[in-house]
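Protein sequences, first through last, are from chains C and U. Residues in the first sequence are numbered from 34 upward in steps of one, following our numbering. Residues in the second sequence are numbered from 6 upward in steps of one, following our numbering.
Note that these hints are calculated values from the structure, not bench results. Glycine included, C-beta positions come from ideal geometry on N, C-alpha and C. Hints are supplied without guarantee of correctness; some may be wrong.
[Unchecked claim] Derived DEER-like restraints, expressed as beta-carbon distance ranges:
1. M34/C / N779/U: 48 to 56 Å
2. A76/C / D674/U: 36 to 44 Å
3. L634/U / E52/C: 37 to 45 Å
[What the hints assert, rightly or not] Heads up, simulated DSS-like pairs for lysine-lysine below, C-alpha to C-alpha not over 27 Å straight-line:
4. K51/C / K101/C
5. K482/U / K87/C
6. K142/C / K21/U
[Claimed, not checked] Partner residues aside, some chain U positions facing chain C, computed with beta carbon under 7 Å:
7. R356
8. N358
9. A361
10. S591
11. S602
12. G604
13. F606
14. I627
15. V631
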Amino acid sequence: MKTILIVDDEENIRALYKEELADEGYDVLLASNGYEALEVLDAHQPDAIILDIKMPGMDGVNLLKLIKERKENDIPVIICSAYEEYKQDFSLWASEEYIVKSSDLTKMKSALKRILHE
Amino acid sequence: MGNSIIEFEVLRDILKISNSTLDLHERLNQVVEEIVEKMHFDACAIYLMRRGRECLTLKAAVGLNADFINEICLNVGEGITGWVAAKKTPVAIRDIRSDERRRDFPGCGEENYRSMISAPILFLGKCLGVIDVWTVEERAFTENEIHLLFSIADGISGSVRNAQLYLDVSKQYEELVALYDLGRALTSTLEFQELIGLMTRKSTELIGAGGAILHLLDDEDQLLKVKSMYGLYQDPELISRTFVPLGEGVTGRVAQDGNPRMINAPDQADVELLPSERLFASMLCVPLVVKEKVIGTLSLHEKTDSAGTMVPFHQDDLHLLMAVANQGAMVVENSRNFERAERLLRENTERANDFAILYEISNAMNTTMNLDQLLQIILKAVTFGGGLNFNRAVLLLVNEKTNTLQGMLGVGPDSGEDAYRIWSEIGSKNMSFKEWISSVGFSREGRGSRFDQLAKGIRIPIEYGNGVLVLTVLERKGFNIKNAWEDPRTNPAILEAMGFESFATVPLISQDRVVGVIIVDNLYNKREITDEDLRRLELCANQAGLAIENARVYSDLEYANRSLTELQDRLIQSEKMAALGEMAASIAHEIRNPLVSIGGFARRLDSKLDAANPEKRYSRIIVKEVARLEKVLQEVLAFSRSAEPVFQECDVVEVLTDGLEVLEEGFADCGIQVVKRIDGNIPKVHGDANQIKQVFINLLSNAQQAMSQGGVLTVECTCDETEGCVVISVQDTGGGIAEEVITNIFNPFFTTKHTGTGLGLSITHRVVEMHGGNIQVKNDPGVGVTFLVTLPAKMGEGREGSSLKLSVRESGSA
Numbered sequence: 034m035k036t037i038l039i040v041d042d043e044e045n046i047r048a049l050y051k052e053e054l055a056d057e058g059y060d061v062l063l064a065s066n067g068y069e070a071l072e073v074l075d076a077h078q079p080d081a082i083i084l085d086i087k088m089p090g091m092d093g094v095n096l097l098k099l100i101k102e103r104k105e106n107d108i109p110v111i112i113c114s115a116y117e118e119y120k121q122d123f124s125l126w127a128s129e130e131y132i133v134k135s136s137d138l139t140k141m142k143s144a145l146k147r148i149l150h151e
Numbered sequence: 006m007g008n009s010i011i012e013f014e015v016l017r018d019i020l021k022i023s024n025s026t027l028d029l030h031e032r033l034n035q036v037v038e039e040i041v042e043k044m045h046f047d048a049c050a051i052y053l054m055r056r057g058r059e060c061l062t063l064k065a066a067v068g069l070n071a072d073f074i075n076e077i078c079l080n081v082g083e084g085i086t087g088w089v090a091a092k093k094t095p096v097a098i099r100d101i102r103s104d105e106r107r108r109d110f111p112g113c114g115e116e117n118y119r120s121m122i123s124a125p126i127l128f129l130g131k132c133l134g135v136i137d138v139w140t141v142e143e144r145a146f147t148e149n150e151i152h153l154l155f156s157i158a159d160g161i162s163g164s165v166r167n168a169q170l171y172l173d174v175s176k177q178y179e180e181l182v183a184l185y186d187l188g189r190a191l192t193s194t195l196e197f198q199e200l201i202g203l204m205t206r207k208s209t210e211l212i213g214a215g216g217a218i219l220h221l222l223d224d225e226d227q228l229l230k231v232k233s234m235y236g237l238y239q240d241p242e243l244i245s246r247t248f249v250p251l252g253e254g255v256t257g258r259v260a261q262d263g264n265p266r267m268i269n270a271p272d273q274a275d276v277e278l279l280p281s282e283r284l285f286a287s288m289l290c291v292p293l294v295v296k297e298k299v300i301g302t303l304s305l306h307e308k309t310d311s312a313g314t315m316v317p318f319h320q321d322d323l324h325l326l327m328a329v330a331n332q333g334a335m336v337v338e339n340s341r342n343f344e345r346a347e348r349l350l351r352e353n354t355e356r357a358n359d360f361a362i363l364y365e366i367s368n369a370m371n372t373t374m375n376l377d378q379l380l381q382i383i384l385k386a387v388t389f390g391g392g393l394n395f396n397r398a399v400l401l402l403v404n405e406k407t408n409t410l411q412g413m414l415g416v417g418p419d420s421g422e423d424a425y426r427i428w429s430e431i432g433s434k435n436m437s438f439k440e441w442i443s444s445v446g447f448s449r450e451g452r453g454s455r456f457d458q459l460a461k462g463i464r465i466p467i468e469y470g471n472g473v474l475v476l477t478v479l480e481r482k483g484f485n486i487k488n489a490w491e492d493p494r495t496n497p498a499i500l501e502a503m504g505f506e507s508f509a510t511v512p513l514i515s516q517d518r519v520v521g522v523i524i525v526d527n528l529y530n531k532r533e534i535t536d537e538d539l540r541r542l543e544l545c546a547n548q549a550g551l552a553i554e555n556a557r558v559y560s561d562l563e564y565a566n567r568s569l570t571e572l573q574d575r576l577i578q579s580e581k582m583a584a585l586g587e588m589a590a591s592i593a594h595e596i597r598n599p600l601v602s603i604g605g606f607a608r609r610l611d612s613k614l615d616a617a618n619p620e621k622r623y624s625r626i627i628v629k630e631v632a633r634l635e636k637v638l639q640e641v642l643a644f645s646r647s648a649e650p651v652f653q654e655c656d657v658v659e660v661l662t663d664g665l666e667v668l669e670e671g672f673a674d675c676g677i678q679v680v681k682r683i684d685g686n687i688p689k690v691h692g693d694a695n696q697i698k699q700v701f702i703n704l705l706s707n708a709q710q711a712m713s714q715g716g717v718l719t720v721e722c723t724c725d726e727t728e729g730c731v732v733i734s735v736q737d738t739g740g741g742i743a744e745e746v747i748t749n750i751f752n753p754f755f756t757t758k759h760t761g762t763g764l765g766l767s768i769t770h771r772v773v774e775m776h777g778g779n780i781q782v783k784n785d786p787g788v789g790v791t792f793l794v795t796l797p798a799k800m801g802e803g804r805e806g807s808s809l810k811l812s813v814r815e816s817g818s819a
């Protein structure tokens, strides 16, 4: 069973993702900002991370950098942001996927499947 | 003594004869008869020295063949008689036949005699003639006899002299009359050719020469040119074509030094004769002098006497010809001046007409800034009967983008009948150019004719070998092609299409640039295109070139103005939208998260509800409505996409200065000295000022962080005109970057700092690349780092006027 880490400051969003991904058969870990996410990553090795950009504390950008610096820990990242305009900046080089947040999670799910080679 | 009586008698008779009123000829006859009769000689003859020539002519004789009177001519020194004339002393010869000085004239009768006395007729030591007596018998003459003959010679000398003086006077009188006639004739006309014709004819007749040639000096090339010839010349063509340089030949010498020359023996002349001068046995050449300046020469050739025998020129002839020349020169000069004045007047009148036409044309051209109308006016001017009067004309313009010559308009009748109709129409109305232009308007006649269509189809690449039209552009000069099909420079395709046979071209030049070409011809009336036509065409073309350029500039300005207005409108629009977009974006992002939760859970709810469940309807509504809201959000956010740079004209210096101001405090806190070197004339760039500012701020803050313990920051801004770009360099003294990391500095998230995202240089790199520029780093380990940002400039749009402001600021900050 694949484990997915969800990093988002919005509680309702986390809840929505968790339920949806659990339904899809994933184990789901949660973090509400970058620091929490790092703590989770210290204890776990998720198969993929779904990451929001704009968060209080450590934001998605900084977290992404730290994740990428941990070379031994190469976890694919899907950015899932309310901001469409950062797509150009990140999709090219920082993440495996950049998805603009939507109530329809089809895109996110199919991106996960692709990244995890399912 | 009988002899003495006879002597006395003879002398008395001779004196009587000499004082009689009979003419010289009659007197001489009586003298020779008296001598033969009274002194018992068998024959007697008198030779007189011919005027103007060292030669003795038999004038009267008894006992000689009368046919030889006036025929025998002895040079001084020739024969016994000539010897006597030369020695001026009488001689008695016992046997003529054994005398070596003897000269025979077979048939004259002298051969019948054996002995002779010959005595000179002297007057004041000058020999006027010789008197000869002969006897049939050989005998010796007494001193007395010789003396008597000498006395007789003395006796008639006065008579001869008087007669000669009389002849001289009457000859001078005749000459004066002739000169007077000439003078009257010369002043009776100012017609130049007639005048100089008179001069050559009259002088030939007056002096009895074979012919005369009048040369005039051409002030421009300093060559003497034949202006008039009179008389019999074997090859008048050759002579009239020979131009004589000053100082060459007799003619050239005379014209040069102003001294007349008389050449009776061409072989012994003091100057080398020209081939054309060597054709004649003798010549007399005098200068034509006006106000001490030689304006030409008058030459006579080969004088003959009344019997047609060629005789040498005499000093008197020279004086006479001088008189003619003096009188003639002034008149010729007057006539020349008159002709010049007339010609100038004629030219001025023509010019005045030209100017009047040009003025009208120029006025007409100034009535419009519309290029199409202007081209029509130009070609109408070129083809108008009262204007430049060409049958047909085509105007082509240079297309600089494609480097081709492009036909714009053709004006001209399509056929001969058409031509006749149009011209008679214009002719009957007798319109001025202005009237014509306004009457014809701009749409009819010429527009849309076959000729015009053909003209508009012309497209010729501007390269050598493409015909005269292109040559006109490349060599910036007009051509007058007489025989187009035989001229290697022409383009047969054009000739065939347009039917050109002979034509002329002229470039339209404006501000040293060829903007187009006009080509004209006279296909219908076959009138030859003259230099004068070309001159007027050129004048017109100069005007046209300027007018076309003006029209172009005007149209460019109009276009620029229009685009500027559009740009301004767009700018206002985009500013509004930007403000709106920013607000919308912040709201939209705030709304998006809750919407995702609402919509996401609604979808979950919806999927869990059975289709039969009545609540399923509610959940569907929520899902649909959220989807609708999300779609609206997406559209709203499309306005505010800041990821795309907003390109505008951007002042790099201003942006750089702003960037420095942002970090001013930080620099001061770290103890960093800022050195600014900004060139005076930095062009604008095309770019997003905010993004470029971010680039500078990134570079400057990197520098600041590298020099947290102080240092020197050098900021330079220069313009690389050859590359057409602006170069901004930011140099720090922060110790440089370790070589092993330098290759990574533009990678995202790479940083050597403890704070910051590391995205700075990566974004900087991307922004500069998006602006079509590049960024380079020069690392000097242990010293510092220099970043060089190059941005393409909008060339030709410098910052004139602000350079002063900049230099003031620079000195203030230093």
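Hint-by-hint comparison with the structure:
In this structure the supplied range 48 to 56 Å holds for M34/C paired with N779/U, their Cβ-Cβ distance being about 49 Å. A beta carbon spacing of about 42 Å between A76/C and D674/U agrees with the range 36 to 44 Å that was offered as a hint. The hinted range of 37 to 45 Å is not satisfied by L634/U and E52/C, whose Cβ atoms lie roughly 21 Å apart. Annotation: proposed proximity of K51/C to K101/C holds, straight-line Cα distance about 24 Å (limit 27 Å).
A threshold of 27 Å between alpha carbons decides the hint, and for K482/U with K87/C the separation of about 73 Å lies outside it, so the pair is violated. Simply put, K142/C and K21/U have alpha-carbon atoms about 169 Å apart, too far for the 27 Å limit, and the pair is violated. A distance limit of 7 Å between C-beta atoms decides the matter here; for R356/U the minimum to chain C is near 73 Å, and the interface restraint is violated. A hinted interface residue such as N358/U counts as satisfied when its beta carbon comes closer than 7 Å to some beta carbon of chain C; here the least separation is about 74 Å, so the hint is violated.
A least Cβ separation of about 71 Å between A361/U and chain C goes past the 7 Å threshold, and the interface hint is therefore violated. Because the smallest distance between the Cβ of S591/U and any Cβ of chain C comes to about 11 Å, over 7 Å, the interface hint for this residue is violated. For the restraint placing S602/U at the interface with chain C, the shortest Cβ-Cβ distance is roughly 4 Å, inside the 7 Å limit, so the hint holds. The interface hint given for G604/U holds, since its Cβ lies 2 Å from the closest Cβ of chain C, which is under the 7 Å cut-off.
With its C-beta approaching chain C no nearer than about 6 Å, F606/U sits inside the 7 Å limit, and its interface hint holds. Taken as an interface hint, I627/U does not check out: its beta carbon lies about 10 Å from the nearest beta carbon of chain C, beyond 7 Å. With a least beta-carbon distance of about 5 Å to chain C, the hint placing V631/U at the interface is held under the 7 Å criterion.
Going down the numbered hints, you'll see the structure goes against 3, 5, 6, 7, 8, 9, 10, 14, while the others check out.
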